[in-house]
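Chains as they are written, first to last, in this note's numbering: chain A, 37 to 147; chain B, 172 to 287.
Bear in mind the hints are in silico, worked out from the structure with no lab data behind them. Hints may contain errors.
Okay, the calculated beta carbon distance ranges per label pair [unchecked claim]:
| # | chain 1 | residue 1 | chain 2 | residue 2 | range |
| --- | --- | --- | --- | --- | --- |
| 1 | B | S251 | A | N58 | 25 to 31 Å |
| 2 | B | K241 | A | S88 | 48 to 54 Å |
| 3 | A | S64 | B | P210 | 27 to 33 Å |
| 4 | B | Q212 | A | N101 | 24 to 30 Å |
Here are the simulated DSBU-like cross-link-like pairs (lysine-lysine), alpha carbons at most 30 Å apart as the crow flies [to be verified]:
| # | chain 1 | residue 1 | chain 2 | residue 2 |
| --- | --- | --- | --- | --- |
| 5 | A | K115 | B | K185 |
| 6 | B | K228 | B | K241 |
| 7 | A | K38 | B | K241 |
| 8 | B | K185 | B | K228 |
| 9 | A | K78 | B | K242 |
| 10 | B | K241 | A | K78 |
| 11 | A | K78 | B | K254 |
| 12 | B | K242 | A | K115 |
| 13 | B | K180 | B | K241 |
| 14 | A | K78 | B | K180 |
| 15 | A | K81 | B | K242 |
| 16 | A | K81 | B | K241 |
| 17 | A | K134 | B | K241 |
| 18 | B | K242 | A | K134 |
| 19 | A | K78 | B | K185 |
| 20 | A | K38 | A | K81 |
We put the CB at the ideal spot given by N, CA and C, even for glycine.
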Amino acid sequence: RKEVEQDPGPFNVPEGATVAFNCTYSNSASQSFFWYRQDCRKEPKLLMSVYSSGNEDGRFTAQLNRASQYISLLIRDSKLSDSATYLCVVTPTDSWGKLQFGAGTQVVVTP
Amino acid sequence: DGGITQSPKYLFRKEGQNVTLSCEQNLNHDAMYWYRQDPGQGLRLIYYSQIVNDFQKGDIAEGYSVSREKKESFPLTVTSAQKNPTAFYLCASSIGTGLSGANVLTFGAGSRLTVL
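Please work from the sequences and hints to get the whole structure.
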């Protein structure tokens with residue numbers, strides 16, 4: 037079983053709609069959680085950190101559910117520019133440098 | 172502007188040849204990392220370094236070597252022992268001090284290696 041799992045998608049979303057997807061992790065001792073965005077053939081870039089109480093950054097909302105071991109990302113009022121692959125990243129407490137990446141969820145926003 | 176520079180962006184190599192990928196950062200970050208990305212897979216950690224003159228193997232270190240002689244530089248050598256080296260290689264850095272946000276990664280633009 038993979039340490040971090042994501043639905044690969046693609047999630048096809050009409051412009052203006054809301055899309056949400058999850059990422060599950062297997063290590064209950066995981067400490068830090070992030071969402072990164074990666075455009076095709078480009079490097080990943082930090083979208084947002086995920087805090088225990090949940091957090092929002094504009095149209096993006098991230099949630100953490102430690103009991104069920106998953107994090108989620110919700111995008112409201114989707115823009116064409118939101119089309120990308122969203123990578124879930126988890127840091128285990130006992131392996132500081134060994135961040136674990138999911139394979140990504142592809143989102144395609146259509147006009 | 173601060174950032175991470177990787178070179179070359181594209182590289183072609185014949186089987187049996189070693190190749191070195193450059194990674195330089197001017198962010199004054201302590202920690203640096205090398206990842207490999209293959210289609211449909213998550214990033215996999217090759218090596219990481221928390222301080223100068225020290226580095227640790229990641230999950231897929233076989234066939235690779237690194238050095239960390241300067242804080243700013245963390246070159247990766249892909250040796251002929253690496254069985255399937257064709258991939259997208261990403262260098263990253265982070266503050267790495269254990270403080271909040273210490274392992275937030277900043278990535279370089281990547282090096283795409285193709286073995287012919």
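We went through each hint and held it up to the structure:
no. : hint                        : verdict
1   : B:S251 - A:N58: 25 to 31 Å  : 41 Å, violated
2   : B:K241 - A:S88: 48 to 54 Å  : 37 Å, violated
3   : A:S64 - B:P210: 27 to 33 Å  : 30 Å, holds
4   : B:Q212 - A:N101: 24 to 30 Å : 25 Å, holds
5   : A:K115 - B:K185             : 43 Å, violated
6   : B:K228 - B:K241             : 18 Å, holds
7   : A:K38 - B:K241              : 35 Å, violated
8   : B:K185 - B:K228             : 25 Å, holds
9   : A:K78 - B:K242              : 25 Å, holds
10  : B:K241 - A:K78              : 26 Å, holds
11  : A:K78 - B:K254              : 25 Å, holds
12  : B:K242 - A:K115             : 39 Å, violated
13  : B:K180 - B:K241             : 22 Å, holds
14  : A:K78 - B:K180              : 11 Å, holds
15  : A:K81 - B:K242              : 22 Å, holds
16  : A:K81 - B:K241              : 25 Å, holds
17  : A:K134 - B:K241             : 21 Å, holds
18  : B:K242 - A:K134             : 19 Å, holds
19  : A:K78 - B:K185              : 25 Å, holds
20  : A:K38 - A:K81               : 22 Å, holds
When the structure is compared with the earlier hints, violations turn up for hints 1, 2, 5, 7, 12 and for no others.
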